[in-house]
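Student: Residue-level listing of the chains:
Number of protein chains: 2
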Amino acid sequence: MNKFMEIAKECAEHGVSHNEGGPFGAIIIDESGNIIAKGNNMVLASNDPTAHAEVTVIREACKKLGTYDLSGCTLYTSCEPCPMCLSAIIWANIKQVYYACTREDAGKIGFRDDIIYEYLEGKNKELIKLKQIDREGCIGLFNEYEKNNKVIY
Amino acid sequence: MNKFMEIAKECAEHGVSHNEGGPFGAIIIDESGNIIAKGNNMVLASNDPTAHAEVTVIREACKKLGTYDLSGCTLYTSCEPCPMCLSAIIWANIKQVYYACTREDAGKIGFRDDIIYEYLEGKNKELIKLKQIDREGCIGLFNEYEKNNKVIY
Numbered sequence: 127m128n129k130f131m132e133i134a135k136e137c138a139e140h141g142v143s144h145n146e147g148g149p150f151g152a153i154i155i156d157e158s159g160n161i162i163a164k165g166n167n168m169v170l171a172s173n174d175p176t177a178h179a180e181v182t183v184i185r186e187a188c189k190k191l192g193t194y195d196l197s198g199c200t201l202y203t204s205c206e207p208c209p210m211c212l213s214a215i216i217w218a219n220i221k222q223v224y225y226a227c228t229r230e231d232a233g234k235i236g237f238r239d240d241i242i243y244e245y246l247e248g249k250n251k252e253l254i255k256l257k258q259i260d261r262e263g264c265i266g267l268f269n270e271y272e273k274n275n276k277v278i279y
Numbered sequence: 127m128n129k130f131m132e133i134a135k136e137c138a139e140h141g142v143s144h145n146e147g148g149p150f151g152a153i154i155i156d157e158s159g160n161i162i163a164k165g166n167n168m169v170l171a172s173n174d175p176t177a178h179a180e181v182t183v184i185r186e187a188c189k190k191l192g193t194y195d196l197s198g199c200t201l202y203t204s205c206e207p208c209p210m211c212l213s214a215i216i217w218a219n220i221k222q223v224y225y226a227c228t229r230e231d232a233g234k235i236g237f238r239d240d241i242i243y244e245y246l247e248g249k250n251k252e253l254i255k256l257k258q259i260d261r262e263g264c265i266g267l268f269n270e271y272e273k274n275n276k277v278i279y
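Residue numbers (our numbering), protein chains in the order written: chain A, 127 to 279; chain B, 127 to 279.
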């Protein structure tokens, strides 16, 4: 077994044995193979539905490095990232991910990863209601931001 | 303009004027129309690439209510949620979202929302490299979790 995946698995085991959340662990390493941060699912312990293993380890790595940009880093996770986590990984500029279990494996034990993926592919449209209103009242926010050459990340 | 969207817009304005992040604001209200939490993009201020307005306001609302389950709540956001935020909203069990600007509007001022949506629809596959390894070494985590009737959220 890959040595970094072994550590991600240990993170998952730690989280479950401490009742912190689901059986998911992740680590981030830099280009030299140094471990920057380890994390596990903390949804139950922190009452935070966004505290999946990947989001937790990204937050931790960014805190340690003092940046929101993890370019050059690699993420190992014990399960295929859900769409929230995958998008978080992209926003963090991580380009390489290794995962072990699949979204279908997570689905089989009751997690909704595969349902959310299907929604984003255009199925299950009843999952959530989205309605657009007041664009004309808010678009000025974007025009102002662009005009002032503000940071894009 | 809808009174809740007006507040989401004010949150966005607050965030930009304090250099906390991009021009995005969001609020969460309960079934009676009470405001549970307000939030804005905090990526720059907190060096956290996951600190979009919607994620920030979900964390804040969960903290206030002491739960990871926001069933019955409604979210207003000044821009269409990116896939990370939309998935976070689904994980939080929020079923109704009102948004103002679109993913294309965000794309026009340089944000990657639309590119990530396209990736999840099966395009832009070069955006990130995902590789599966060691499933057989990690699947036991899921079997154990299921066997012990652990919490699914």
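Keep in mind that the hints were calculated from the coordinates and are not lab data. Values in this document were obtained by computation on a predicted structure and should not be read as measured data. Fair warning: there could be bad hints in the mix.
Note: identical chains are not told apart, hence a pair may lie in one copy or across any two.
Claimed, not checked - Result set (SDA-like, lysine to any residue): computed pairs, CA atoms no more than 25 Å apart in a straight line: (1) Lys-234 to Ile-161; (2) Lys-249 to Thr-228; (3) Lys-251 to Glu-230; (4) Lys-257 to Glu-186; (5) Lys-249 to Asn-160; (6) Lys-129 to Gly-236; (7) Lys-255 to Tyr-243; (8) Lys-221 to Ile-162; (9) Lys-251 to Ala-171; (10) Lys-189 to Glu-146; (11) Lys-164 to Thr-200; (12) Lys-129 to Asp-156; (13) Lys-276 to Gly-248.
Student: With reference to the structure, classify each hint as holding or not holding.
Tutor: Going through the hints against the structure:
no.	hint	verdict
1	Lys-234 to Ile-161	neither (31 Å within a copy, 36 Å between copies)
2	Lys-249 to Thr-228	both (19 Å within a copy, 20 Å between copies)
3	Lys-251 to Glu-230	both (19 Å within a copy, 20 Å between copies)
4	Lys-257 to Glu-186	between (34 Å within a copy, 23 Å between copies)
5	Lys-249 to Asn-160	neither (40 Å within a copy, 32 Å between copies)
6	Lys-129 to Gly-236	neither (28 Å within a copy, 38 Å between copies)
7	Lys-255 to Tyr-243	both (16 Å within a copy, 17 Å between copies)
8	Lys-221 to Ile-162	within (16 Å within a copy, 36 Å between copies)
9	Lys-251 to Ala-171	neither (31 Å within a copy, 35 Å between copies)
10	Lys-189 to Glu-146	both (21 Å within a copy, 16 Å between copies)
11	Lys-164 to Thr-200	within (12 Å within a copy, 33 Å between copies)
12	Lys-129 to Asp-156	within (15 Å within a copy, 46 Å between copies)
13	Lys-276 to Gly-248	neither (33 Å within a copy, 31 Å between copies)
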